[in-house]
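As a plain string of letters, each chain reads:
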Amino acid sequence: MVNLTIDGRAVTVEEGTSILDAAATVGIKIPTLCYLKDLNEIGACRICVVEIEGIDQLVAACNNTVLEGMVVRTNSPKVRVARRMNMELLLATHDSECTSCVRSGNCTLQTLANDLGISDLPYEKRLMHDEWDKSYPLIRNNDKCINCLRCIQVCEKIQGIGVWDLANRATHTSVNVRGGMTIQESDCTLCGQCITHCPTGALRERDDTQKVFDALADPEKVVVVQIAPAVRAAWGESLGLAREDATVGRLVAALRQMGVDYVFDTNFSADLTIMEEGTELLHKLAHKEENTFPMFTSCCPGWVRYVKAVRPEFTDQLSTSKSPGQMFGAVTKSYFAELKGIDPHNIFCVEIMPCTAKKAEVAIPVMNDACGDPDVDVSITTREVDRMIRAEHIDATMLPEEDFDDPLGTSTGAAVIFGATGGVMEAALRTAYHVVTGKKPEPDAFSDVRGLDAWKEATYDLAGTPVRVAVVSGLANAGYLLDAIAAGEVEYDFVEVMACPGGCAGGGGQPIHDGEELAGVRGDVLWGLDHNAELRNSYENPSITAIYQDYLGEPLSERAEELLHTDHHAWSIH
Amino acid sequence: MARMHVMEQSETQAIMSSMHEMLEKRLSVSSLAPCPVEFTASYVAMCATQSCGKCTPCRNGLRMLRHLFNDVLNNRATLETLDLIESTARTVYLSSDCAIGYEAGEVALMAIRGFRDDFEHHVTKHACGFSQHQTVPCVSGCPAGVDIPGYIALVEAGRYTEAVRLIRKDNPLPLVCGLVCEHPCEMHCRRGMVDDPMNIRGLKRYAVDHAGDYRPLVKPATGKRVAVIGGGPAGISCAYYLTLMGHKVKIFEQRAHLGGMLRYGIPNYRLPREQLDSEIQWILDCGIDVELNHSVDGDEMTRLRSEYDAVYLAIGAHADKKLGLPGEDAEGVMSAVQLLRDMGDNNPPDFKGLTVAVVGGGNVAMDVARTSVRLGAEKVIIAYRRRVADMTAQDEEIAGAEAEGCEVMDLHAPKEVVVDENGHVAGLKVEPQIIGGLKRGRPAPRAAEGGDVVVPCDRVIVAIGQDIDSVTFEEQGVPCKWGRIVTDPDGAVPGQDGLFSGGDCQSGPATVIRAINAGKVAAGNIDNYLGFNHKIELDVELPPVQFKGKISCARCEMREREASERINDFDIVENGLTDQEAHQEASRCLRCDHFGFGAFRGGRVEQW
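Protein sequence lines correspond, in order, to chains W and C.
For the first sequence, this note's numbering gives the first residue as 1, with consecutive numbering after it.
For the second sequence, this note's numbering gives the first residue as 1001, with consecutive numbering after it.
Please keep in mind that the hints were generated in silico from the structure rather than gathered at the bench.
One or more of the hints may lead you astray.
Stated by the list, open to error - Subject to a maximum C-alpha distance of 30 angstroms in a straight line, what follows is the list of computed BS3-like cross-link-like pairs (lysine-lysine):
| # | chain 1 | residue 1 | chain 2 | residue 2 |
| --- | --- | --- | --- | --- |
| 1 | C | K1439 | C | K1025 |
| 2 | C | K1250 | C | K1224 |
| 3 | W | K211 | W | K221 |
| 4 | W | K134 | W | K340 |
| 5 | W | K78 | C | K1352 |
| 6 | W | K340 | W | K308 |
| 7 | C | K1322 | C | K1219 |
| 8 | C | K1415 | W | K37 |
| 9 | W | K221 | W | K340 |
| 10 | C | K1352 | W | K157 |
| 11 | C | K1481 | W | K37 |
| 12 | W | K456 | W | K439 |
| 13 | C | K1535 | C | K1224 |
| 14 | W | K157 | C | K1250 |
| 15 | W | K37 | W | K288 |
| 16 | C | K1125 | W | K134 |
| 17 | C | K1025 | C | K1248 |
| 18 | C | K1535 | C | K1550 |
| 19 | W | K78 | C | K1322 |
| 20 | W | K37 | W | K157 |
| 21 | W | K456 | W | K440 |
| 22 | C | K1125 | W | K157 |
| 23 | C | K1322 | C | K1224 |
| 24 | C | K1439 | W | K78 |
| 25 | W | K29 | C | K1219 |
| 26 | C | K1125 | W | K125 |
| 27 | W | K29 | C | K1548 |
| 28 | C | K1352 | C | K1322 |
| 29 | C | K1535 | W | K456 |
| 30 | W | K288 | W | K340 |
| 31 | W | K308 | C | K1125 |
| 32 | C | K1548 | W | K37 |
Stated by the list, open to error - Here are a few chain W residues that face chain C, going by a calculated C-beta distance under 7 angstroms:
| # | residue |
| --- | --- |
| 33 | I42 |
| 34 | G43 |
| 35 | I55 |
| 36 | D56 |
| 37 | Q57 |
| 38 | V59 |
| 39 | G69 |
| 40 | K134 |
Glycine included, every Cβ here is placed at the ideal spot set by N, Cα and C.
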C-alpha cells in the first residue's frame, strides 16, 4: 500500500494506482477529457494536471501512479491557471457553435468549459476547415476535434482496423484517415465506435431524420417503421426515462404520434432470420464435405464490411441470409404490401437501429429484391430517433404504452436477444435443436455463450451431432478468431460475430455516455425480455408460421432465397 | 562624452546568447521524424530573423516563403504554389546581397527540391506523407531497437540482471555494446534539450558489470537446422535468436576464434578478449554448434544449402583495401586488417623502437596507431589527407591516440612508399594539402604549394577501409553490387530460396549494433521462412515510472586510465561509471517511453 496526501487528505491506496483513481477514493474528482480508462491513458489534453509538492512542472493524474509520501494538490493556483488555459487553448481551435451541434448537452468539452467558468476566450479562433464528404454515413468535423486521439485508439485496439491516424505533425497535427486516404478508400466498417467514444461532436453519423420527416409529410407515402431489438434497451437514456419506464411500447406510441402509419418490430424478422440461417446451417452440416466451416452469421453489417474489406477470403463462409432489417424491408415491400393491397413503391420503409453501418447496408445496390426500390429506404440510429422525439417536442415521460401493428409486430424471446452478444447464436441453436430433434429445447439450454467475454465457445449435441460454436464481439477479437481459424488452431461449425463490443446493445448508433460502456446493462434488459417472453423460440412465432404457410413456403424455398438471401460478392465497400 | 566605449555584454545580449545555446542543444537532439514541410517552414522563418531588412529578396522573399509554406501546411496550396516556392527560393539565393539571404535561399531550394514528394503529398492529400515514427527517441535511434528507457529504469532500481535480460531481448551482446557501441541512441536523447544527453553506453556497461547470471528460455526443438557462415556479431546474433526459437544452429568460422571484427578488428584495450569470449560462450551455451578454422566458399555454401533448412551468410568485410601507390609491395608495408588479425590470434609483431606510419583517418586507423604504440613503437605518425576535424574516427578515439603520443599529420596525402635498397620500407612520401570546398558533403583536399615531404619510417600500415570477399559466392549466383551481397529488406537473398545475408558483407563496413540488428532481423525472418512464428518476448517486469519534473543535472562521463600507464599494456583503457555516478546518471532519464508521445505510441515493443 502507498500512503500520500491529496488536497490535505491522507490517502492509502494500492501500489500502481493512478493519482486520478487515488483522488477518487476520497471523493476528490479531478476533471479529465482525453482519458478513457484502459483505452486512452495518454495524458494529452493536460486538463487532469495536478501539482506535486517539490516539483515545478505539473503532472497528468490519469497516467501517473502514486508514490509513497507524495503530496498532491489538485486545485493549487498553478493547477487552476494551467487547467483553465489548456481548456482555452483547446477552445481556440474548436468550433464552438454549440447551438447547432448534435452533441450539445452531451459534450464533455462543453461541460468542462462550463464547469471551469469560461466565458471569454483570450485567443482568436483558428479553425482548420478540413473537407469531408457529408453524404458519407460517418462524418468527421475536424473543427470540433480536440485531438484526444480516442478514435484512433478505439479503432486500432478494440476494432483492430486503424482507419484513423495522426495526419500532419507539430502545430498542424490533426486526426484523419490514415495515409491521406479518403474515408471511402479506407477499410472503415462504419461500426460507429469512434463516434460513441468521441467526447465532442467531431464525429457523428449522417443525420437522416429529415428524410423521415419528409416522408411523413408526403401524403402518397405509407411510412412503415421497424424497431431493432437493441434500440428498446437504450432509447430512453437521453430522454430522461428510467430504464424500466423506457419500454418499447412507449417508443411505438411516440412514433405513432409523429404520424408513422405502421410500427413494426425487427424482432419479427429476427425470428425469420433464425428460420433461414438455422436451416442454412443444418443444410450445410448435412453436406459437410461440400462446405467450408465455420459458417459465420451475417446480420451485423459492420462485420460483413470487415470481412469484405479486410479478410475477403472468408466471404464465402458468411451466411447468405440477409440481416433482420433487410429481411424486414423485403417482406414489407412484398408480403405486407400484397396483404394490405398497397403499391410497394409507395411504401417508405424506415429502420431504427443501434447501428451506423446500417446506413451503408440500406444503400447496397442489390438490396432491392421486393419491388426494385431499396427494400429499406432509410436507416436511422437510436440517437436520431431520440432527436426526432425531441424535435417533435414529445414528452417521453407522458407516453402511453402501445402495441406493435400486425402482422409484422409479433416475435419471440429468441428475437429480442439478437441485440446482445451471443443472442443470435442462442436463438439459432434453440430452433436448430427443435428442427433436428422435434423437441422443444429447455429455455436456457444454450446459455453458455452469453456474457461479455471477448471470445466464447461451446459444443452442443444436436441429436448426436456435436456442433462446435463460438461467439465474438469487437472486430479485433474477430480478427484474432479468424487468425486462429486460418492457422488451424481452432475449428468451429458456426460462429457469431458482432462488430461492436457486447453486440448491438453497445452499438455505434446508441446513445452516448462518455466514459461508460453500457452494453452489459442494456444486454441484461434484452435477456430479461427473453426470460419473460411467452414464446422463446423462433419456430413458435405464429406470424412466422403464417408467412411460411401463406407466402414463402419453407425456409430456403425459391421465394425465400430471392427475398431473404443475398450475394455478398455483388457489391464492394469501396 | 567619451570617444569610445569598452564592449560589454548587455543583459539582453546575454539572454540572446543563452537562447542561441539552447537552440543549438535542441537542434543537436536531432529529431528523427519532423515533417519536412514543418521543418523547412520554421527553418526559413528562423533564417529570416537574421535579415537586416535592407534587400528585397531577403526581406520580402523569405517573408513570402514563410506564407507559402504556411499555405502548404494549412491545406491552402496547389501544385502551382510549389513552383512558386521554388522560383522564390531561387531568386533569394541568386540575388541576395549577403550570406543571410543567399544561404537561406539555398536551404529553401534544397528543401523544395529534395522534399518535393512530401510537399506534393501535403498539397494533394492534406496530410503529411512522411512515415510516422516519432516514437521513443533513443529507441528509434538504436538500430537494434533496444528498450533503453526500460533497462535504465532497471539500473536505477538496482536490478542489473534484469536490465541485461531486457537488453538481450533485442541485442545478445550487451557486454560488447557496453564497451564499444557507437551509441547513436545518445545523439537523439531528449535529455540533451535540458542539459546533456544520457550516458547510455555507460549505463549499459554498468548493468553488465554488475549483473548476475541467468539462462534464457529456449523454446522446444523444431527439428529445423540452420547454418550460419561467419561468427561475427551478425552471425552470432542470428544464431542466438534462432536457437532461442528452437532451431538447431551451426556456425562455420574461418578463423581460430569467434567474434569476427569484434576480435579481429577491435583491440583488446577497448574490448578485452576474455570478456568477449565469455559473452560469446554464454551464447554458445544455449546449444549452438561451432566449427572453427573452417572457411566456407561459394561451392561449400551451395552444399550447406542442400544440407540445412536455411543458411545465413555473414562473412563480414575482412579483405584489405590497397592504396595503389608505388612501393606498396615493399617489406614493412602491411594492412590494418592484417595487423589486427595477428593481434586477434595472439600473434603480435614486435615494433620495438620502430617508427610506424599509419595511413587513414577512421577508427581502424586509430586502433592500429594505438596498437603500434603498445607494441613498442618509438614513434607513430597518422598521415591523413584532410583535416583532423574531417576524420571519420570518433573524437574520443582521436583524442585517445593523441594522448598516447601518436602524431597526427593531417593535410598530407600519401604519394609513395619509399623503399630502401633491400626492398624494405624506408619512409612515406607525402604531399602537403590545402582544404577546399565541399565535395559530396565533405571538404575536398588538393595539393598545396610547396614540395613533397618524406617521413622516414620502418613500417607503413594502411587503414583506408575493408572490402568483402564475395567473389566465390557471386559465382554461385548470389547477387552482389560493388562486392556487397544484395538482399531484400528482410535479409533474404533474392532468387536464392532459404538463403539470407546480413552484416558488413551486405551493408559494407558498419557498426557492431547494425550487424546485431541484421542478425536479429534475419533470425525473425528465417523463423517465418521455416514455417514458424516464434516470438522473442519481454520477460521482465519494469518498475513503475516516477514523475520527477525538471531537475538540472549534467552528464557523468566515463574516465580513462592515464595515458602514460596504459600505453604499456593492452588492458582496458576506459573505466566504468562508479556506483554513485551510475545511479545519478540513471535517475536523469526523462522516460520518453511514458512521457510525451511514448504514452500514445511506441512506448514499448513487448515482443518481436
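Next item on the list: With a cut-off of 30 angstroms on the C-alpha distance, tell me whether K1125 of chain C and K125 of chain W pass.
Entry: 24 angstroms, holds
Item checked: Pairwise hint evaluation, K1548 of chain C against K29 of chain W, where the allowed Cα distance is 30 angstroms at most -> 23 angstroms, holds
Next item on the list: With a cut-off of 7 angstroms on the beta carbons, see whether I42 of chain W makes it to chain C.
Entry: This hint holds: I42 of chain W lies near chain C, its Cβ roughly 4 angstroms from the closest one there, short of 7 angstroms.
Note to self: Tell me if the straight-line CA distance from K134 of chain W to K340 of chain W falls inside 30 angstroms.
What the structure shows: Given that 30 angstroms is the threshold and the Cα spacing comes to 37 angstroms, the pair is violated.
Item checked: Restraint check, 7 angstroms cut-off on beta carbons, for K134 of chain W near chain C -> 17 angstroms, violated
Note to self: Checking one constraint from the list: CA of K288 of chain W to CA of K340 of chain W, max 30 angstroms. Satisfied?
What the structure shows: 42 angstroms, violated
Check: Can we keep the D56 of chain W interface hint, with Cβ of chain C closer than 7 angstroms?
Finding: Check passed: Cβ of D56 of chain W comes within 5 angstroms of chain C, closer than 7 angstroms.
Check: Taken at face value, is the distance from the CA of K1550 of chain C to the CA of K1535 of chain C at most 30 angstroms?
Finding: Cα-Cα ~37 angstroms, so violated.
Note to self: Run the distance test for K456 of chain W versus K440 of chain W: straight-line Cα separation, threshold 30 angstroms.
What the structure shows: 24 angstroms, holds
Notebook entry, point to check: For the pair supplied as a hint, K1322 of chain C and K1219 of chain C, is the alpha-carbon distance within the 30 angstroms limit?
Noted result: Answer violated: K1322 of chain C to K1219 of chain C is near 47 angstroms, above 30 angstroms.
Checklist line | 30 angstroms limit on alpha-carbon distance, applied to hinted pair K1439 of chain C and K78 of chain W | finding: Answer violated: K1439 of chain C to K78 of chain W is near 54 angstroms, above 30 angstroms.
Notebook entry, point to check: Is it true that the CA of K211 of chain W sits at most 30 angstroms from the CA of K221 of chain W?
Noted result: 12 angstroms, holds
The structure does not agree with the numbered hints 4, 5, 6, 7, 8, 10, 11, 14, 15, 17, 18, 19, 23, 24, 25, 30, 39 and 40 stated previously, though it agrees with the rest.
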